[in-house]
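**Student:** Residue numbers (the numbering used here), protein chains in the order written: chain A, 1 to 405; chain B, 1 to 405; chain C, 1 to 405; chain D, 1 to 405.
The hints are simulated quantities; they were obtained by calculation from the structure and are not laboratory data. Heads up, some of the hints might be wrong.
Each pair may be met inside one copy or between any two copies, as identical chains are not told apart.
As the list claims (entries may be wrong) - Think about it this way: if two alpha-carbon atoms lie no more than 20 angstroms apart in a straight line, the pair counts; the simulated SDA-like pairs of lysine to any residue are:
#1 Lys349 <-> Asn214
#2 Lys166 <-> Arg176
#3 Lys370 <-> Asp17
#4 Lys370 <-> Gly405
#5 Lys173 <-> Glu404
#6 Lys173 <-> Arg347
#7 Lys74 <-> Arg384
#8 Lys173 <-> Gly239
#9 Lys361 <-> Thr345
#10 Lys349 <-> Pro219
#11 Lys370 <-> Arg150
#12 Lys361 <-> Arg50
#13 Lys349 <-> Val208
#14 Lys349 <-> Asp220
#15 Lys370 <-> Arg176
#16 Lys173 <-> Arg231
#17 Lys23 <-> Phe209
#18 Lys370 <-> Ser221
#19 Lys370 <-> Glu223
#20 Lys349 <-> Glu32
#21 Lys166 <-> Trp149
#22 Lys144 <-> Leu25
#23 Lys23 <-> Asp153
Number of protein chains: 4
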Amino acid sequence: MSDKINRVVLAYSGGLDTSVILKWLQQTYSCEVVTFTADLGQGEELEPARAKAQLMGIKPEHIFIDDLREEFVKDYVFPMMRANALYEGCYLLGTSIARPLIAKRQIEIARQVGADAVSHGATGKGNDQVRFELGYYALNPDIKVIAPWREWDLTSRTALIEFAEKHQIPVPKDKRGESPFSTDANLLHTSSEGKVLEDPWEEVPDYVFSRTVNPEDAPDSPEIITIDFERGDAVAVNGEGLSPASLLAKLNELGRTHGIGRLDLLENRFVGMKSRGMYETPGGTILHVAHRGIEQITLDRGAAHLKDELMPRYAELIYNGFWFSPEREMLQAAIDHSQDKVTGTVRMKLYKGAAHIIGRKSPYSLYSEKVVTFEDDQGAYDQRDAEGFIKLNALRLRLLGRREG
Amino acid sequence: MSDKINRVVLAYSGGLDTSVILKWLQQTYSCEVVTFTADLGQGEELEPARAKAQLMGIKPEHIFIDDLREEFVKDYVFPMMRANALYEGCYLLGTSIARPLIAKRQIEIARQVGADAVSHGATGKGNDQVRFELGYYALNPDIKVIAPWREWDLTSRTALIEFAEKHQIPVPKDKRGESPFSTDANLLHTSSEGKVLEDPWEEVPDYVFSRTVNPEDAPDSPEIITIDFERGDAVAVNGEGLSPASLLAKLNELGRTHGIGRLDLLENRFVGMKSRGMYETPGGTILHVAHRGIEQITLDRGAAHLKDELMPRYAELIYNGFWFSPEREMLQAAIDHSQDKVTGTVRMKLYKGAAHIIGRKSPYSLYSEKVVTFEDDQGAYDQRDAEGFIKLNALRLRLLGRREG
Amino acid sequence: MSDKINRVVLAYSGGLDTSVILKWLQQTYSCEVVTFTADLGQGEELEPARAKAQLMGIKPEHIFIDDLREEFVKDYVFPMMRANALYEGCYLLGTSIARPLIAKRQIEIARQVGADAVSHGATGKGNDQVRFELGYYALNPDIKVIAPWREWDLTSRTALIEFAEKHQIPVPKDKRGESPFSTDANLLHTSSEGKVLEDPWEEVPDYVFSRTVNPEDAPDSPEIITIDFERGDAVAVNGEGLSPASLLAKLNELGRTHGIGRLDLLENRFVGMKSRGMYETPGGTILHVAHRGIEQITLDRGAAHLKDELMPRYAELIYNGFWFSPEREMLQAAIDHSQDKVTGTVRMKLYKGAAHIIGRKSPYSLYSEKVVTFEDDQGAYDQRDAEGFIKLNALRLRLLGRREG
Amino acid sequence: MSDKINRVVLAYSGGLDTSVILKWLQQTYSCEVVTFTADLGQGEELEPARAKAQLMGIKPEHIFIDDLREEFVKDYVFPMMRANALYEGCYLLGTSIARPLIAKRQIEIARQVGADAVSHGATGKGNDQVRFELGYYALNPDIKVIAPWREWDLTSRTALIEFAEKHQIPVPKDKRGESPFSTDANLLHTSSEGKVLEDPWEEVPDYVFSRTVNPEDAPDSPEIITIDFERGDAVAVNGEGLSPASLLAKLNELGRTHGIGRLDLLENRFVGMKSRGMYETPGGTILHVAHRGIEQITLDRGAAHLKDELMPRYAELIYNGFWFSPEREMLQAAIDHSQDKVTGTVRMKLYKGAAHIIGRKSPYSLYSEKVVTFEDDQGAYDQRDAEGFIKLNALRLRLLGRREG
């Protein structure tokens with residue numbers, strides 16, 4: 001708190017917590033607050049955030065509300081999908097991938113309004129503080145960062161609500177008591193963690209899920225869909241061309257209906273602890289499976305295996321908040337280079353919580369029925385070549401064997 | 001065919017193809033044939049193989065029939081499961097992992113009976129020839145290898161059957177016509193490929209599946225099970241301690257019932273072509289998910305992420321047939337080193353084709369509710385530490401940002 | 001030899017061996033031979049090759065002699081230097097990197113003259129056959145390849161010379177006896193292997209070296225030079241701007257004088273055996289050290305460490321002949337992405353066989369004396385940040401420690 | 001400073017800085033100080049440290065002076081050498097590898113004397129604080145750590161000396177003025193950094209070097225030596241068997257004489273900044289080259305290449321202070337697994353700053369003159385195998401080429 005702050009751009013959801021932060025910033029730093037509210041597809045009205053901000057004295061020209069859904073999917077979700085990114089073998093990085101975009105817009109707005117600081121509502125235990133702040137610093141090395149949850153003393157729910165009431169911040173009825181868990185949502189996923197989820201032996205209660213039906217309640221008949229890809233990105237569902245955000249929304253509907261994309265994960269945070277989260281990524285899960293499917297038929301083995309080896313590192317970088325880093329960009333350059341011919345169509349079956357590839361085709365197919373067939377291949381492949389191939393692959397093993405013998 | 005062969009150990013299933021090979025070896029090389037038939041849990045009677053071999057003139061002491069199920073699961077499947085191995089993101093390597101064990105036994109038997117050659121029934125287009133022969137050469141660098149499919153002219157079904165009939169080899173009725181696909185099976189999986197599966201856009205017909213019910217026909221209610229692990233290996237299902245092979249068999253039953261472990265994959269063979277296969281790995285799929293689940297709570301992040309980065313290479317080595325190689329053994333040493341405390345219990349839900357973790361616990365849990373909690377953590381974690389953590393992680397990004405600016 | 005060949009493009013040096021091949025091709029395949037002789041800086045006159053080819057009946061329009069030195073350095077050597085590529089920790093890949101370019105030109109010429117085949121003079125034991133042929137097949141999948149050393153029976157020196165004499169191919173005096181070793185040379189290096197070098201315990205005799213003075217005979221005073229880089233590539237020596245090939249030639253002179261770049265290596269060939277080679281890479285060694293030097297001051301840690309981790313794979317791909325492969329290109333895309341600001345100057349000391357960095361500077365320096373200084377840094381770095389940084393890095397280790405305790 | 005400290009174990013060199021720390025700890029924390037002085041081969045008398053500690057009121061039973069040289073080389077330097085570890089392509093990690101051992105002994109002593117805290121003299125900008133403290137926390141998660149340089153206000157030289165004089169701490173004459181650079185030394189290396197070295201364009205002045213003669217002053221004739229290895233570790237020099245520490249000391253003498261192991265490096269610190277250091281690692285440099293030499297002849301390609309790919313990560317872990325981490329131990333397990341047959345002898349030439357391999361032999365050699373020879377190999381290798389090997393390696397590239405065409 002040593003530095004004087006003049007103007008701060010706050011990532012503002014309009015909810016209770018960030019409203020308290022807004023007021024606390026005004027009081028503690030005697031500074032002007034600029035609010036930024038992004039539509040990333042979280043499914044909430046944004047205009048109430050404007051009204052609330054105005055009520056708390058924010059000038060109209062200092063209230064920013066942006067629809068970032070298309071940018072989010074096109075420039076963040078899709079590049080990540082090209083990598084088949086999974087953190088710890090399972091997690092589709094739905095929260096991680098949204099943070100850099102929010103950070104980027106905050107820094108842009110700060111430049112625009114001449115703010116010297118930015119602020120966010122992430123706690124001091126989580127990954128999101130890291131993701132926000134690495135983004136801030138990468139894009140503006142001289143920006144000041146205020147992380148209220150690491151500074152203030154409103155650490156209990158009671159203290160927070162008292163502060164809100166004292167400052168005429170409306171407290172929604174359902175926020176009076178303790179919420180049984182905490183969530184984050186955007187067009188890619190909803191995550192839930194904390195409280196009722198903190199015992200990793202206990203099953204996640206059904207009321208925690210909000211984006212997908214329980215697979216047991218999903219339709220009893222499978223649904224077959226197709227997804228078209230162009231150069232690594234999905235462009236159509238069931239033959240209908242869609243913009244990136246519309247396409248993901250469409251897959252979210254399909255995924256919701258069939259109960260696809262639920263994940264109960266005990267994961268390792270960048271800050272050093274294990275936490276248990278529940279994720280719902282309906283459309284993203286379908287997309288992930290689909291992308292692997294189209295790669296199967298269009299990607300060369302060398303490229304595919306290199307991608308598989310680089311992927312865990314790539315996913316870790318995004319999880320840890322290093323989207324705006326040279327090494328993430330280098331890996332992206334390698335990945336994107338491989339996607340030039342990743343064009344074609346996959347057929348999928350959606351049923352009771354799962355999405356499976358059942359067919360794939362491409363104008364750039366590398367699959368050769370003529371070469372692979374058990375039938376007469378008319379000389380496409382000379383089986384005698386295999387002997388030399390094996391013999392020379394075996395040579396070093398034989399030399400080793402001789403040494404042992 | 002240049003070298004004189006005296007005695008050859010043949011991997012003999014008792015089926016039509018390897019019976020023809022047996023006869024062809026006797027004729028072509030004028031050599032003694034020793035048959036080796038392994039029970040790897042493929043679910044077929046082995047005694048008929050003995051009878052057939054005897055009929056074809058093999059001496060009783062030259063007929064080897066071994067039950068290798070426990071060795072297979074304990075020394076091959078389990079070590080691989082410790083690695084969470086998946087080839088090309090999907091395939092549990094059910095065929096790949098069986099070949100080294102068969103090769104090892106053939107070489108042992110060759111030593112025992114004084115044979116100078118070994119032989120197998122794999123074709124010249126596939127991976128299995130490589131896996132067999134790399135195993136042979138690694139374990140006996142001076143062994144001679146006969147791969148009839150690469151040598152003979154019985155390449156059409158008709159020619160093969162004519163040869164069989166001419167030599168009084170019984171041809172089962174269902175082998176007279178063309179089989180619509182070809183299969184391999186063991187305790188871990190059944191694979192199917194070829195013919196009706198060769199068009200990768202066409203869905204795999206239902207009659208191809210043999211190890212799992214169609215998820216649509218699986219029970220309408222989920223089943224909850226527990227699996228106990230000790231030092232990285234599964235030891236009990238629903239609290240009942242089981243030997244490795246019995247445990248996998250038990251999980252296979254559960255997986256069959258719930259339609260778990262079907263995979264339609266278009267994969268890259270080591271010999272350079274793409275092929276389309278269908279795999280059923282019921283118990284193995286459950287085990288794979290379960291192992292990740294127990295690692296989540298017992299494995300340190302550093303170990304877990306290193307494992308994830310090494311895994312694709314490890315899986316590729318097994319797929320390509322390098323089980324008996326120094327680099328596979330080095331990776332195994334690293335992986336096994338990490339499993340010392342991978343002990344505990346996972347709770348899983350099996351339902352309509354999928355297996356999900358819903359709970360995990362361990363006496364060696366690294367999950368600390370006290371550290372992670374949103375509630376008062378009594379000083380277990382100082383949120384202010386996060387500031388320094390972020391600042392120093394950001395330092396290089398800020399220096400980069402200054403250069404750009 | 002099954003296929004009918006009409007016209008073949010031979011990589012022709014003009015030496016005894018490829019002259020014999022030329023004649024053998026004419027005889028064996030009754031085909032037209034097109035010769036291609038490349039100047040890659042090997043330091044030999046090329047016109048004698050033309051004369052010899054004409055003498056052997058090659059039509060003037062079928063004799064191709066190209067100066068590829070600039071293309072070689074700019075498009076092959078420099079991209080590889082950006083990667084700091086070293087095979088097995090030591091070898092600068094001087095032979096490996098030249099083969100793809102020769103293969104590419106042969107395929108271009110084949111297209112131009114309507115040839116259906118290509119041929120080279122590499123033996124069946126070495127890596128070069130693989131590098132040539134993988135290049136051929138990648139660039140023209142339907143080309144026919146003739147590798148005389150794998151086909152013919154002229155495998156002894158005597159037989160070869162008899163064949164030459166019988167066909168009026170001039171045999172240079174020094175080729176009559178056995179050459180005591182075999183060499184390959186281009187602008188990047190000279191390699192020697194075979195015969196007198198085959199006992200890896202014996203020191204390489206002094207007469208084997210041709211490109212560098214013995215360090216013991218090098219000047220007794222060091223020489224200081226500067227090299228300027230732009231975007232990862234060297235552009236000037238001692239302030240004098242030079243084209244890629246001229247620059248490498250200049251560094252070769254400097255390296256020769258100071259005895260720099262000798263390497264006695266026992267390496268692992270792709271075909272599975274170990275071999276012992278001696279390499280002289282005078283300018284390339286200086287360039288390698290220089291490039292690391294300029295990266296030290298301009299490359300971010302994340303980029304630098306990622307490059308270091310990818311490098312062994314990249315080097316292996318080049319060594320094994322996979323220059324024209326998707327995975328090499330993907331790695332190149334990642335590497336090249338990192339080089340945007342690798343611009344500046346290094347100062348080096350050359351002395352008695354070694355080249356050392358003694359200074360580096362850059363307009364894009366990421367080194368901040370203000371941040372790093374032991375003196376008062378005026379707040380550029382807050383030492384208290386280190387506590388949080390360490391604490392959170394330590395958290396998982398402490399949780400592990402508690403489990404052990 | 002919130003917690004009450006009762007007894008603290010200080011890593012005490014006996015020099016001015018740690019003497020000031022000793023006094024400052026006594027004053028600031030009113031706690032008992034236990035001193036620990038280690039002989040890691042830094043080449044200083046240790047008894048003066050005892051006298052000084054006693055003078056400052058430390059009880060005799062609280063003064064620990066240990067000769068850790070053999071443990072240092074055997075359990076830290078040698079395992080690292082097995083990995084061929086180089087940080088950022090150059091640095092032999094001489095400082096990094098000593099810190100974990102010091103930390104381990106401090107924690108052992110703390111346990112023994114019932115201390116609740118440990119302390120060290122590393123600054124808040126460097127890597128050493130991280131290495132010490134990660135070691136402390138890994139080995140005793142509940143230990144308190146005091147890092148005076150991050151806490152106190154004695155940040156200028158003047159303030160430090162005033163404090164010393166005020167408290168009767170003897171200030172050596174040469175410490176009165178500013179030292180022109182700062183050093184760290186142990187049996188493996190001496191590092192120098194700061195002040196006169198802070199301009200990375202300026203050559204390191206000659207007076208900075210203390211462990212090696214200037215190569216220009218080294219003998220004009222090369223010296224030939226042999227080093228014997230057993231299972232990856234050096235055991236004899238010129239045929240004379242030596243303990244680990246004696247062997248390294250012997251190689252240090254040889255390296256000093258010939259000016260070997262000087263390195264001017266601009267490196268990336270873990271805390272996020274670039275720094276410029278000068279390292280002298282005479283014996284370690286010889287050992288590094290020698291170990292690669294013996295591996296060349298005894299290590300299989302698969303093992304060697306895997307080691308090369310893992311090495312940068314392994315080196316980074318040690319540099320960053322993660323010696324006592326599961327991932328370092330996993331990598332060590334893999335590396336150690338490969339060293340079983342790394343036994344034999346290398347012959348080296350030392351001359352004017354460089355050490356080169358000129359010969360290597362081993363009872364476990366994998367080099368086969370019979371296989372590699374250009375002469376008649378009597379069937380050890382069938383050159384025709386190469387055709388199939390190349391054809392199948394090329395298959396995927398040809399399929400790619402057909403797609404392009």
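**Student:** Check Lys166 against Trp149 for me: Cα-Cα at most 20 angstroms, and say if that holds within a copy, between copies, both or neither.
**Tutor:** within (19 angstroms within a copy, 43 angstroms between copies)
**Student:** For Lys74 and Arg384, with the copy left unspecified, which applies at a CA distance of at most 20 angstroms: within, between, both, or neither?
**Tutor:** neither (48 angstroms within a copy, 35 angstroms between copies)
**Student:** Check Lys349 against Val208 for me: Cα-Cα at most 20 angstroms, and say if that holds within a copy, between copies, both or neither.
**Tutor:** between (26 angstroms within a copy, 17 angstroms between copies)
**Student:** With identical chains treated as interchangeable, where does the CA-CA distance between Lys370 and Gly405 reach 20 angstroms or less: within a copy, between copies, both, or neither?
**Tutor:** Between copies, since 18 angstroms is at most 20 angstroms while 43 angstroms is not.
**Student:** For the identical chains here, do Lys361 and Arg50 meet the 20 angstroms Cα criterion within one copy, between copies, both, or neither?
**Tutor:** Intra 48 angstroms, inter 45 angstroms, cutoff 20 angstroms: neither.
**Student:** Measure nothing new, just compare the shortest in-copy and cross-copy C-alpha distances for Lys173 and Gly239 to 20 angstroms and report within, between, both or neither.
**Tutor:** neither (45 angstroms within a copy, 45 angstroms between copies)
**Student:** Since the copies are identical, ignore which copy is meant and state whether Lys361 and Thr345 lie within 20 angstroms (CA to CA) inside a copy, between copies, both or neither.
**Tutor:** Within one copy only: 5 angstroms inside, 42 angstroms across.
**Student:** With identical chains, the pair Lys370 and Glu223 could be close in the same copy or across copies; at 20 angstroms between alpha carbons, which is it: within, between, both, or neither?
**Tutor:** Classified as neither: same-chain Cα gap 32 angstroms, cross-chain 44 angstroms, threshold 20 angstroms.
**Student:** With 20 angstroms as the alpha-carbon cut-off, assign the pair Lys370 and Arg176 to within, between, both or neither.
**Tutor:** neither (68 angstroms within a copy, 24 angstroms between copies)
**Student:** Is it within a copy, between copies, both, or neither that the alpha carbon of Lys166 lies no farther than 20 angstroms from that of Arg176?
**Tutor:** Answer is within; shortest intra-copy Cα gap is 14 angstroms, inter-copy 60 angstroms.
**Student:** Cα distance capped at 20 angstroms. Does Lys349 pair with Pro219 within a copy, between copies, both, or neither?
**Tutor:** Answer is both; intra-copy 12 angstroms and inter-copy 19 angstroms each pass.
**Student:** Is it within, between, both, or neither for Lys349 and Asn214, if the alpha carbons may be no more than 20 angstroms apart?
**Tutor:** both (17 angstroms within a copy, 13 angstroms between copies)
Hint compliance for this structure: hints 3, 5, 6, 7, 8, 12, 15, 16, 17, 18, 19, 20 are not met, and every other hint is.
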